[in-house]
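J.: Listed below are the residues making up each chain.
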Amino acid sequence: MHKIEGSQATARQAAELLRSVISQQRVPYTNQAGALIDAVRAVGEQLIAANPVELAVGNIVRRVLHIIREENLSLATAAIAGLNLSAASDGDDDDDGERDEHTVLSAAAVAAAARSTLRPPSLQTLLEDMPESATIPHTTSSGGDSEGKSKSADKSSRTRRLKHDIIEAVNELIQDITTCHEQIAEQAIEHIHQNEVILTLGSSKTVLEFLYAAKEKRRSFRVFVAEGAPRYQGHLLAKELVARGLQTTLITDSAVFAIISRVNMVIVGAHAVMANGGVIAPVGLNMVALAAQKHAVPFVVLAGSHKLCPLYPHNPEVLLNELRSPSELLDFGEFSDCLDFGSGTGSPLLHVVNPAFDYVPPKLVSLFITDTGGHNPSYMYRLIADYYSADDLVVRGRIASGKLSSDRFCLLYSR
Amino acid sequence: MWCRSASFILDKQQNDTVSNLRNPPDSLTPASPPPLSMPDTLQNPNPQNNISAYYQTRAAHHAVVTSDWLAQAQAAVTREPDGAPDTSVPPVAGKPFSVIDEFNSWRKQPDLAEAVAAIRALAAVIRNCQATTMMELEIELKKASDSLKLWDATSISLTAGCDLFMRYVTRTSALEYEDFNSAKSRLIERAEKFGEISCKARRIIAMLSQDFIFDGCTIMVHGFSRVVLEVLKTAAQSKKLFRVFCTEGRPDRTGLRLSNELAKLDVPVKLLIDSAVAYTMDDVDMVFVGADGVVESGGIINMMGTYQMALVAHSMNKPVYVAAESYKFARLYPLDQKDMAPALRPIDFGVPIPSKVEVETSARDYTPPQYLTLLFTDLGVLTPSVVSDELIQLYL
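Chains as they are written, first to last, in UniProt numbering: chain A, 1 to 415; chain Y, 1 to 396.
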């Protein structure tokens, strides 16, 4: 896992891995979705534990879990609807309107209940019935039990269909991840105008495509690239931009404040977007965001939907950060004396801290551009509610803090 | 108090004339004492001088009771049975059953939130009503909830509770397919269950907020709030190390009660006078407050002093967290502090105050959403803007 760089590649790999997990998983006749969810969750826990800082992996695991739930639900409701149809045709000779109505009612109720389990809790569901029994396994079995004669044949076809549908949906997800650059880049023309000056820091594939898309549409503008110490990925970006024919200026990170008054818009990529609209971004971006705020320059963050993380950041500067090797900053040959544990008091006098990420608080971000369009930071929670089901928020927490979070899990769902 | 003139003198005159207009019907009822000419009497149908009924509940549930206040409360309680139902509302008063009596009996229970009491009272209305169709039942419920809301216009969670339940009765899909009697019993059952939901909501909030309380942090709280206490209790039980700064919460000193409860849990707690908030804010890592009501803008209405605490915290870059159950979400959009009917309370200054001196007796203030960081509710951890989204989804 560590070998893969960049959240997009990781996300795609994770989705592909989970797809193979699903296709290899043998599903029992009853509670197929439950078995699949357990399998995916088990693999997901391992993946997340392997690199907790790469939030995209967790996001993908949650997305896949959500897909399984959704597919199972749509299949179950379809099955019930089909059952009702057959019941209605059977019921003709019985002349039993009452029973008929009853099945329709129960189907509607079950569907509503199942839908409400997928939905995040809301005021609306506060007073409405939350039948605890009507969760996924229940709907599956109830759909199957009353089917009667063509039971076994129907069942096996349903097994195959569920798996097939899920894999189809996961394929779509993978497709989305691969094409998210293009969808974001399509919106470039709305944001970049003639003769503007754009500032960016470090390197991001999304930003590159975004800028290039604007250039393709015959907008002429100038790009300032801050080099992004200590990895200097800005150099690579500048090279790419020039290769594609954009007017580019390379600056040091420390020149950002000096240059910001000439800039019309800051466009950057992100490592992850948290539920409150905060951004985990390459180190140095908080400084850029503060400079942009000081000069009222719009700070725009590009993020594919796989970067939306349903968690709230707690102490993100430390907990969601990765401390990289000092060798990126210093030459070991020159500084090895200072860093030596053996000399003097036993601990070295020189410490090197090389964090990989910055946390940019939501109030510094003007706009998020995702594959679904532009959004305000305070609106991110809504996108997240669409992509994830609330059951899956604590995939990792269950290992980390054991009983407490599983208790919370129960609490949220027993309501 | 929606129409305010620019000058407070004009304001006062206007209010006086209005209250004079409103006085005659009030003085017809023999039991009620002569209403004071305070402009806010008309906001508060409760006959016992100018203390809001909302405040009485709060005081009974939260306060460290002062002797002076006790005497007043006593008077209020003894007078209530004959006073309240008569003065309150014509539509219900004619019948033997009164939704307000019901509500009053429920709200006396110390652990019951006001919204829950309101919903229980409405359930009692359903139980007692002779309606035979859904429509009749709805009309009757509407009357009852209106009278309940009118009886104490100052209580936000009462209004919110009534609205939420009415919304459930009129719009819910679960009732569509059923016949009248089963629908009725289902409504009653849901209303009864609501009490449990409210207790569970507190547990959920406490769980959600645990991630935000880290070891070694200092938390500032204001006044007494059951949810905040639950949050801190849960944190203490999960062996977190933190200390709490409690404001005193003048004049009813609700902060003292919270500090007592925290001391029982062995949480290091320091008591501040209300004016020491800015002085101590430097040492604080986060501010935790409860809420009487969460309004549509995402702001909160809470005990007096919350606004200034939020302002101080905001200017010092400290997060302000609000813990509130979702049934406190109210369809209000206050534009400034004076937009809502003020809930009045007695203030004991210790020394006699000359009659010429005016006293600000409002019990709560409005904190705009830009000063709040996150809201912990049973719907999850929300940013203030989510609140309006939720409310719009529910009532649109």
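Keep in mind that the hints were calculated from the coordinates and are not lab data.
Hints are not guaranteed to be accurate.
Derived CB-CB ranges, DEER-like [said to hold, decoys possible]:
| id | chain 1 | residue 1 | chain 2 | residue 2 | range |
| --- | --- | --- | --- | --- | --- |
| 1 | A | Glu322 | Y | Gln237 | 31 to 37 Å |
| 2 | Y | Arg203 | A | Glu317 | 46 to 52 Å |
| 3 | A | Leu339 | Y | Ile392 | 55 to 61 Å |
Virtual Cβ for every residue (Gly too), placed ideally from N, Cα, C.
J.: Range hint 31 to 37 Å: satisfied by the CB atoms of Glu322 of chain A and Gln237 of chain Y?
T.: Once the Cβ atoms are compared, 33 Å apart, the range 31 to 37 Å for Gln237 of chain Y and Glu322 of chain A holds.
J.: Could you tell me whether the CB distance from Leu339 of chain A to Ile392 of chain Y stays inside 55 to 61 Å?
T.: 58 Å, holds
J.: Against the range 46 to 52 Å, how does the distance between the Cβ atoms of Arg203 of chain Y and Glu317 of chain A compare: consistent or not?
T.: About 30 Å separates the Cβ atoms of Arg203 of chain Y and Glu317 of chain A, which means 46 to 52 Å is violated.
The earlier numbered hint that this structure contradicts is number 2, and it is the only one.
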